[in-house]
Amino acid sequence: MKFVLKSISKNSGRLGQLRIKESNELATPLLMQTTKGGSIPYLTADTFEMVSNEQQLLQLTLSTMDQMAESLAQWNRPLSEYVGLPGHNTMLLLRDPCEATPAGGNDRDVVPLFTRRGKESLTATQYMDMVAKFAPDVYQGLCDADTNPESTKKRVQKSVDRTERFMDECYALHAKEQRLANSTLLAPIVGGYNTFARTQSIKHARAQPATSYGGYILEGFHTNGLAATALQATQLLPIVEHCLQQLEDDKPRLMPGAFTPLLTLELIRRGVDVFDTSYAYCAAVNYKALTFNYTKGAEQQTAFLDLTDEAIKEQFTPMLNGCSCLACRKHTRAYIHHLYKTHELLGPILLMIHNLHHYLGFFAVIRSSIADDELSQLIDLLRLQTAGVNMDYRIEANSKVVSKAGLGKGFIAAAAV
Amino acid sequence: MSTSKIPPLTYKVVAECSVSKARAGLMTLRHSEVRTPVFMPVGTQGTLKGVLPDQLIELDCQILLGNTYHLGLRPGIETLQLAGGLHNFMGWSRAILTDSGGFQMVSLLQLAEIDERGVNFRSPFDNSECMLTPEHSMQIQNAIGADIMMQLDDVVKTTTTGPRVEEAMERTIRWVDRCLSAHARNDDQSLFPIVQGGLEVPLRERCVSALMERQVRGFAVGGLSGGESKHDFWRMVDVCTNHLPKEKPRYLMGVGFAADLVVCVALGIDMFDCVFPTRTARFGCALVDSGQLNLKQQRYKHDTQPIDENCECNTCKRYTRSYLHHIATNESVSCSLLSIHNVAYQLRLMRSMREAIQRDQFPQFVRDFMARHFVGKPIPTWIREALTAVNIDLPEDAVQHAKESEMRTEKSR
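Those sequence lines, one after another, are chains A and B.
If you're matching positions, the first sequence starts at 1 in full-length UniProt numbering and goes up one per residue.
If you're matching positions, the second sequence starts at 1 in full-length UniProt numbering and goes up one per residue.
Do not take every clue at face value.
[Unchecked claim] Facing chain A, according to a computed beta carbon distance under 7 Å, are these residues of chain B, among others:
id, residue
1, Ala83
2, Val106
3, Pro163
4, Arg164
5, His326
6, Glu331
7, Leu337
[Stated by the list, open to error] Heads up, incomplete: computed chain B residues facing chain A, CB under 7 Å, no partners named:
id, residue
8, Tyr11
9, Asn314
10, Val333
To be clear, the hints were calculated from the coordinates, so they are not data collected in a lab.
All residues carry an ideal CB built from backbone N, CA and C; glycine is no exception.
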């Protein structure tokens, strides 16, 4: 993996090019495609091609794919081909950023892996053995990232100490493992919201030879799922800034998780390079279409369109006016509301199509804004979509129960005529 | 509308098998042309579960089935009317067929009772008493706006015997007249009557001849595929196609297993529907000529072949059995991937039959198909008998085994 920084400015973030193996260059700030079980959630490969034809970096997660390890050990073609998305790049992470990772299970020598079948514990050797079976283009080092804004100092310190031990083994095994000869390792930076702990974690990584890893993954700020959408900027940004200042410029920095668009922009401004689509996913599964506006001069918008809202029952208009995605070109709010009411699978499919389209467009605008030195203006646009009102981008779980009371009035009415 | 002078359904036979009753036809509807014999995937609630309309078009699906009972409940007729019908509402530009809603009422609502007025039921929502009459069914189906709609029929269990079967058949004939006079969009939508009569030849004959006196553009054969013996099943289909007019399409309701499709095409059926291909997909099963692969089985764990290397669907082009084994029933995308393959399988089977009929090689197609389908297993006696009735003889091997196996299955019922 090669990373070339093209521009850097104190207030406008960094533009770079990431080249993974023989691939095309991927422009950073980059949006990775979150996956579940190796597939882009809800979308078949051909459906995803209706969203984007560009080469992607797939964010694969061991917690949703561990059961495939044995099959992959016998697979001698690229990992991307196995999951039906040939030609794309692969990055293997431990945890699924879309779902809250349960607490606990971490120990001196093991990291818990929460899978569909329950909890498993992985030592560094077992972990590296599994990674070797996957042979991804890029993968993260093993770490204890079970910390969040509420973690105690003691818990945070433990996560750093354990991660150091895990990583000593990972570095050694990475150098030896033949199946990982073409894979790039990412050094995990942990330490919760504690500056001393973060510095210790960074020092451990930077003490390694520069060629032993290809980038950084910043973890331990949240434990995935919707919690990431509720992080406070005032709490998160200073500690991230503290970390980034201590990292060399020529390695990419990743931050997995469903950060809000606004927080994502602030992280980009401070120098984070790679994010994922878990925010778009979390919105889709809660029947929220992303509608925030990232184009100057366009009409004022809200953060979401709530497809569970009875008020759109007879709105035969697209989820987002003017949107060119397949879902907005061909389907209406009323229809997707009906798919929600009937729990039909096509509902989340159409929402994923729209949300991924919207978020990929957002990242393209982010890159051009950095190039034009207009990132601050973009941040202002996202903060105040409607004059004077601060936008709320948090996602709350949809807890509505589809009411049967009003259901089928038309049918009964017809039968009663 | 300039099209209003053209009937909303025209059908012409384009080729006939010189041996059996099989025929290939072209049905022209308001929303699309439909080449028959045709399999209609079931999109119960205004969507084929997990599949985009664009993906169905890529599979060359020409007609989809919708369920009146479900659509009448949600989104309901007011919303459908405001949307300008189901085609607009769901973004599907090709043809749609709807059932009458009666069958689902009887099968889903345990409290449903039928009398001369209609189907009596308790609302599943507020428990009030309601009635679905032939007129109401027409009203809802007119709001849905499907190219082809079904009359409300008096449904009895296929295993019912005695006077109730005859009563249901006679009532079905009376109800078709009520449906025809309540049908408000005869210039856009075609109403099919349903042949009833249980498992009794004279009743089926009486029903066919009564229905043929009505002004209709096609016929459905109902009351089958509900647990009756296959021996009775094929005979009833055979009786109906013997008497139904050749120049109108015939739709056999609820039939969709591959072997049944091949036999019933040989008996002269043009249209089929079944939830099986998409339902079995949700349980991790993929259709192939030899039956179905249950991809959850351990034997597919490391199998890096596609489901079917001769299949051209997007699932077979990209995904291995091994990967599908791991995601089947776990990731919802597997439901989409297997539904696409299974619908592709059904449509390809129908296309192959149609082409064989056009080349006048249908009997050979049937022999080849049965050899692939029952590989290593005896061909069931009912299939041999049904095909013999239309002059298609299968190779004689393993006939004895077939009879024994048939007897075993008869006993186990």
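### Query
When the hints from earlier in the document are held up against this structure, which numbers fail?
Of the numbered hints given earlier, those the structure breaks are 2, 3, 4, 8, listed in rising order.
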